[in-house]
Structures are given as C-alpha cells and as structure tokens.
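Novice: What follows is the residue order along each chain.
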Amino acid sequence: MHKTLKKYFPVFVVPVLAAFLVSFLIPFVMGIYLSFTEFRTVDASEWVGIKNYISIFTQDKTFLNSLWLTVKFTVVSILSINIIAFSIALLLTRKLRGTDFFRTVFFMPNLIGGIVLGHIWSLIINGILGFFGVDITYDPSYGFWGLVVLMNWQMIGYMMIIYIAGLQNIPEHINEAAAIDGASPLRTLFSITIPMVMPSVTICTFLTLTNSFKLFDQNLALNGKSAETSLLALDIYKTFYDHTGLRLAEWHGIGQAKAVIFFLLVAVIAFVQLRATERKEIEQ
Amino acid sequence: MKKRILSILLALTVVTGVLAACNRTKPAPDGNSGTTVTEIRYLNFKPEIAEVYKRISEAYEKETGVRLIVETAASGTYESTLTARMATDEAPTIFQINGPIGYASWADYCADLSGTELYKHLTDKSLAITSGGRVYGIPYVVEGYGIIYNKAILSKYFSLPNRATPYNSVDEINSFAALKAVVEDMTARKSELGIDGVFASTSLKTGEDWRWQTHLMNIPVTLEFLDKKIDLTGDGYKNIEFTYSDNFKNIFDLYINNSTADKTKLGTIDVTASMAEFALGKCAMVQNGNWGASQILGVSGNKVAADDIGFLPIYMGTKGEENLGICIGTENFICINSKATDAQQKAAADFLWWLFGSETGKKYVSDELGYIAPFDTFSENETPDDPLAREVMRWMNMEGITNIPWNFTVFPSQNYKDSLGTALLRYAQGQMGWDEVKKHAVNEWKNEFGA
Numbered sequence: 001m002h003k004t005l006k007k008y009f010p011v012f013v014v015p016v017l018a019a020f021l022v023s024f025l026i027p028f029v030m031g032i033y034l035s036f037t038e039f040r041t042v043d044a045s046e047w048v049g050i051k052n053y054i055s056i057f058t059q060d061k062t063f064l065n066s067l068w069l070t071v072k073f074t075v076v077s078i079l080s081i082n083i084i085a086f087s088i089a090l091l092l093t094r095k096l097r098g099t100d101f102f103r104t105v106f107f108m109p110n111l112i113g114g115i116v117l118g119h120i121w122s123l124i125i126n127g128i129l130g131f132f133g134v135d136i137t138y139d140p141s142y143g144f145w146g147l148v149v150l151m152n153w154q155m156i157g158y159m160m161i162i163y164i165a166g167l168q169n170i171p172e173h174i175n176e177a178a179a180i181d182g183a184s185p186l187r188t189l190f191s192i193t194i195p196m197v198m199p200s201v202t203i204c205t206f207l208t209l210t211n212s213f214k215l216f217d218q219n220l221a222l223n224g225k226s227a228e229t230s231l232l233a234l235d236i237y238k239t240f241y242d243h244t245g246l247r248l249a250e251w252h253g254i255g256q257a258k259a260v261i262f263f264l265l266v267a268v269i270a271f272v273q274l275r276a277t278e279r280k281e282i283e284q
Numbered sequence: 285m286k287k288r289i290l291s292i293l294l295a296l297t298v299v300t301g302v303l304a305a306c307n308r309t310k311p312a313p314d315g316n317s318g319t320t321v322t323e324i325r326y327l328n329f330k331p332e333i334a335e336v337y338k339r340i341s342e343a344y345e346k347e348t349g350v351r352l353i354v355e356t357a358a359s360g361t362y363e364s365t366l367t368a369r370m371a372t373d374e375a376p377t378i379f380q381i382n383g384p385i386g387y388a389s390w391a392d393y394c395a396d397l398s399g400t401e402l403y404k405h406l407t408d409k410s411l412a413i414t415s416g417g418r419v420y421g422i423p424y425v426v427e428g429y430g431i432i433y434n435k436a437i438l439s440k441y442f443s444l445p446n447r448a449t450p451y452n453s454v455d456e457i458n459s460f461a462a463l464k465a466v467v468e469d470m471t472a473r474k475s476e477l478g479i480d481g482v483f484a485s486t487s488l489k490t491g492e493d494w495r496w497q498t499h500l501m502n503i504p505v506t507l508e509f510l511d512k513k514i515d516l517t518g519d520g521y522k523n524i525e526f527t528y529s530d531n532f533k534n535i536f537d538l539y540i541n542n543s544t545a546d547k548t549k550l551g552t553i554d555v556t557a558s559m560a561e562f563a564l565g566k567c568a569m570v571q572n573g574n575w576g577a578s579q580i581l582g583v584s585g586n587k588v589a590a591d592d593i594g595f596l597p598i599y600m601g602t603k604g605e606e607n608l609g610i611c612i613g614t615e616n617f618i619c620i621n622s623k624a625t626d627a628q629q630k631a632a633a634d635f636l637w638w639l640f641g642s643e644t645g646k647k648y649v650s651d652e653l654g655y656i657a658p659f660d661t662f663s664e665n666e667t668p669d670d671p672l673a674r675e676v677m678r679w680m681n682m683e684g685i686t687n688i689p690w691n692f693t694v695f696p697s698q699n700y701k702d703s704l705g706t707a708l709l710r711y712a713q714g715q716m717g718w719d720e721v722k723k724h725a726v727n728e729w730k731n732e733f734g735a
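Heads up: the protein sequence lines correspond to chains A and B, in order. If you're matching positions, the first sequence starts at 1 in the numbering used here and goes up one per residue. If you're matching positions, the second sequence starts at 285 in the numbering used here and goes up one per residue.
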C-alpha cells in the first residue's frame, strides 16, 4: 500500500504543485519584486528600492485614511454580523414552525453577487434618503453605514448556517443536566452553549474578518470611487489604475507596495485571530 | 518498471497539458512567419462598436486572408487591459492612446507612423501626436460636444407671447448672458413648455461625471492655455491657475439650478438617465457630444425627432465668446506597437489603410462606425448621417467661428478628474465653497504632475 502510494506520488502531486506554482507562487514572488520597482508593464520594471514604501506615507494621501476606514468597518461588521447571525441561529434551532423556510430565506442573500447587491442597496438607500432630499454621496458616513448594512445582509445567512451546525452538535444531555441543576437560560447560554460552539465562532470571525477586510465589489458598486469611502482594496485598485499619465510607472509601483502591505496585514490579523479564538475552543 | 514509466509519462502529460494551457497562445512558428503575417491584433476602445468590428474583421479576412483579432476592453478599463495585454504574447499590434499624456505612458510601444499611407492622407496634420519630427499617433475620428438642444421645445418657447426675453430664435443666443436669460425664463415657464427642467440632470455619480470634470473643464483650461500661449509639447501645461474658474462656475450654476433634478441629489445620476430625460422630452438641453445621438434617437419612447437636435456652444461669459464654437477634437489616436515584428507592423498599417482608404473599409467607417474620419479619402457624401455628426460638420465649416480644441487630453490623470468630480459634487450639494473647488482644481493638477 505504502509502496503504491509512493509510486503514484508524482501523478497526484506534480500537477497540483505545478498549478500552485504557476498560478500562485510565481505571481506572488513577482508581485513582491515589483513592489520595489517602478513599472509600466510587468516585464518592463526598474528597481527603486524601498522608495515606493516611503511614498505610501509621504506622497499618497489616501492610504492611511482607507486603512483606518477599513479597520473601523471590519470591527463593526465582525461584531454585528456575528451577534445577529448567532441570535438568529439560536432562534432557528428551537424547533419553531417554519424553521426550514426561514433558514432558506436568511441564506438567500448570500447567493447574490456583490456588484448586484451594491446596486440593489444603492437603489434602496437612495430611495430612503431621497425623502430627506439627499443621497448616499452626501456624507461619507452614509456610505459607511450603508456598506455595513449591505455586508450584514449578505453575510448573516452564511454565518447563521455555520452557527446552526455548531448548535446542533451540542449533545442534548448537557443541556438537560444544566436544566436539572436549575441553571437559568442565560447561564446555560454563557456557560454551555457559547463555549460549545467556539469552533463555529472561530470559523465565523475568521470569515467575516477576512471578507470585510478584503471587501471590494460591494464597496465599488455602492459607494463609487470616492476617496472618502474607499476601503483598502478599492484604494489599491485606484492607485494602480487611475493614475494614468506621466507618472504611471511610479504609481504602479506604489500600488504594488500597498498591495504587499495589505497582504501582510491580512495575514498577520488572520493568524493572530485564529490563535486567539482557538485557545478558547474546548474539547467535547 | 513498466508501471513506473507509465506513471512518469502520465505525470508529464498532465504537466505539459498545464504548461501548454498557459502557453497556448504562442502561435506555432510557421516556416514563412518572417514574410507573411496572418494575424493582426487590435485592442478596441469602444464596447459599443465591438459588433461592427466583428463584421469588419470578416470582410477583411475575405479580401486579404489576414485575420484581424479584435479584443474589446470593457468600458473604462482600456488602460488596465492594455497594461495587462502588453506583457503577454497576445500583445495588440494596433492599440490607441488618448493624447500627449497617453503617449507619454506608452512612448516605448509607439512605432513611427510618418511613412504610413494613413498619415499621408490625414487632412489636418496638426491633429496627430508627434514628437521629434516623428508621428506616433494618428487621430481616426473627430468628435464634437456642446449643448445639445431640442429645437421643438425651443421654438415653442420662442413662440410664447409672454416670454421675458427679446430673442426670437436659437441663432440669437451667442453669449452666456443670452443663454442665461433664456434658460431662466424657460425654467419659470416650464409647465407651459411641458418640461421638468431646462437642462437634463447633471450626472455627478463617480464614473459618470466626465461631462463636467473633463469636457466642461476643457473650456476654461483651453482658454487659459491660449491666453498664456502654452505649447502642449513643452512643459507649460503642468501648472494651471484656473483663471476662468468664475466662468466655469457661471455655466455650472446654470446647469444645476435649472435642471430636472434637485441639486442635492445629483450624486447618483448617470449619463444614460440624463440622456433619457432629453430623449423623452422632459428637458430641452443637455451637454454632450455627437456620440450621444444613439442615446437620444435609440431610446424607446423617444419623443425627439432626428431633425430637431442641434448643437449650441457652451457659453460661459468669456470675452469674445460669440466667435467661439463647439468643442471639436479627438481623444482617439491609433498607434502601432513598436515591439511587434516589422512584418506585423506593416500588416497593421496595411489594415488601417484598407479601413480608411478602400471603398469597403470606408463604408464601414462612415455607415456603421459612424465616424467623422479626418482623412482626405472621404468625400462630402461619405459622412455619417446622424443629426449630431452633421451638426459637428456644420460648426466645423462655419465662417468666422473658432471651435475649441480638446485639450483635456493633457489633464494629469483619471485620478485628477475623479477628484475634481467629487469636488463639483460637494459644491452642488452645498458642502464646499467655490473657492475651495478652485483651489482643489489647481493644487491637485500640480500634485498629479508632481511639478
């Protein structure tokens, strides 16, 4: 058995490895290299050292702003999405009538693509703001909260399903034991339910964190390209593509450097978060 | 052992399959590739004409046997598509740039076109993009923009007995003062005229605001360049003072105060919606160019007759403006990729000459692409027959009128235009004063050029 495995090792691994190399590793290394250059097209680059990384903070005025906005957005979304999704999951595991129907209903928004969602919500939000004689562009905070609502609407259903799966895994006897010991529902929630669904919490916070941090299409469709409402991903896109002109190569380099910083941020945050929540998970 | 070979073989086939998939585009080198070229790649700028190019490509292949592969960049993504494509084996042989700034971006890829037939037949050689006596970009279409007006609604206004202006026809409007008087009087009588506003709504949604941050801004900038005698091949355009900012404000105020939409709700309106208002007769005027004809006549429920559309210059209260016409120019310059082989470059030049010089090609250009092509191969009756294109030609040939060239091709970058658009939106919403807009326009210009 072992021998056969060894024999066919290349058949199964090499194609995947090659694909990984071609479609991920090589572009990734190239991307890091390009962040230290000025380039017009990827095969015509000129080495400039860490100049691009300095320019992000000296010349470019949008990066820090977008970073701060992204952090705020991520924190708000993680909290609201997870709390609401968990609450709905609790409700829908109570064997109420129509549970299946509502699970489907809450999940549906997740099936709609980001750009479409952005346009739908821009219609809804502008329709409402229209009564007050303004639109979503009037104040950057309208755009921000609009995006939070959109993100919640889209992600809650998905997170709810994960929480439901977690809740259904809690053995019935633990709850019964708690009830016999006279634990109040609130006590049961905090001392039994939540610790028992910690693996789901890990997954859900991880998903909401990375998804909110990397948000792009919804941001573009709902808020347009205004600098005041651009999250990091959109800001990088704009840096890269909207500075056509004499200094194109320079801005390409800066955009690439931003993308590398962006990658590092996502990687570090996700790693720290995974570690932190994993520690709270308990063995069943 | 046999099995082992088999497994290695299998692995190899899969790997080569993967690698071949990445490389599939490299055309198998045929023996005579140095002499005859069978393929030309063209990266098309306008999605709306992609269908026509499909037919042109078929016709060209039938006549010459050379295959024209047309790829079209999605709206607003030409630069990014071109950047991506240039690095591949599928790099376009023919592409386009938008003017001197575009040339600066792509200078390394622009071949000298001074020897081509196409350049020899260009009617106005000053339109081409030249550098050091060589020609790098040839304009292939001339377009014009101004204030499009609905003759039917205006004549209805001019026949109102109680109107407050002394003018009797649109020809008498030749200054900002006259335009303003007429527009404001029309607004006061909009229910009599059956319109919601004089101007179509000022679309200030991001990405839809080019009529203001690019086209309208062109006029003050061009006038400033003329005053300062700035040569666009020099460095002088890297700074502006926005000396005509008050004039810009004049016309912009007139637009937003007399339009169909509330001026606080302009941030979500797009060009299509704005053009539809004009097409449906809900307004009498809209600022746009001759390319907008299809957006007027092709809209279902359209209430505007083809003969009822005309162009009015964009008056903004500058000195001598009665002698100024509409804005006529181009931001479409065709280039040939200098990194392509000589044979490919020649094939590309041959195709372009076929398109703009041969009977078959010309028919496509004027009838289907609807271009006003600036080449002497086109005779008087070989011009597109949409009403706005005819209006552009009428203005081009008008005695004593100087039309305004398109200098927005030297605007620093898309980012500049976008940020100016945002400033204009804030101004319309009443959140930014005009002084701030002016300062923004001047400072950002400088910043983007890094001057």
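Hints may contain errors.
Unchecked claim - Below, a list of computed lysine to aspartate or glutamate pairs in the EDC-like style, where the Cα atoms sit at most 20 Å apart: (1) B/Lys723 to A/Asp60; (2) B/Lys623 to A/Glu46; (3) B/Lys549 to A/Asp60; (4) B/Lys522 to A/Asp60; (5) B/Lys547 to A/Asp139; (6) B/Lys723 to A/Glu228; (7) B/Lys549 to A/Asp43; (8) B/Lys730 to A/Glu250; (9) B/Lys623 to A/Asp43; (10) A/Lys61 to B/Glu476; (11) A/Lys61 to B/Asp660; (12) B/Lys730 to A/Glu46.
I should point out that these hints are in silico values taken from the structure, not numbers from a laboratory.
Novice: Hint by hint, note whether the structure agrees.
Specialist: For each hint, the structure was consulted:
Restraint check: the Cα-Cα separation between B/Lys723 and A/Asp60 comes to about 19 Å, which is no more than 20 Å; the hinted pair holds. Straight-line distance between C-alpha atoms of B/Lys623 and A/Glu46 comes to about 19 Å, which keeps the hinted pair within the 20 Å bound. Between B/Lys549 and A/Asp60, the direct Cα distance comes to roughly 30 Å. Violation of the 20 Å bound is thereby established for this hinted pair. For the suggested pair B/Lys522 and A/Asp60, the alpha carbons sit about 19 Å apart, so the restraint of at most 20 Å is met.
Note on B/Lys547 and A/Asp139: the hinted pairing holds, with a Cα-Cα distance of about 15 Å set against a maximum of 20 Å. Among the hinted pairs, B/Lys723 with A/Glu228 is consistent with the structure: their alpha-carbon atoms are about 18 Å apart, no more than 20 Å. Between B/Lys549 and A/Asp43 the CA atoms are separated by roughly 45 Å; this puts the pair beyond 20 Å, and the hint is violated. For the proposed pair B/Lys730 and A/Glu250, the alpha carbon gap of about 16 Å is at most 20 Å, so the pair holds.
About 13 Å separates the Cα atoms of B/Lys623 and A/Asp43, which keeps this hinted pair within 20 Å; it holds. Our distance criterion of 20 Å between C-alpha atoms is broken by A/Lys61 and B/Glu476, whose separation comes to about 51 Å. Annotation: proposed proximity of A/Lys61 to B/Asp660 is violated, straight-line Cα distance about 49 Å (limit 20 Å). Distance hint between B/Lys730 and A/Glu46 is unfulfilled; the C-alpha atoms sit about 25 Å from each other, more than 20 Å.
In summary, the structure is inconsistent with hints 3, 7, 10, 11, 12 from the numbered list given earlier, while agreeing with the others.
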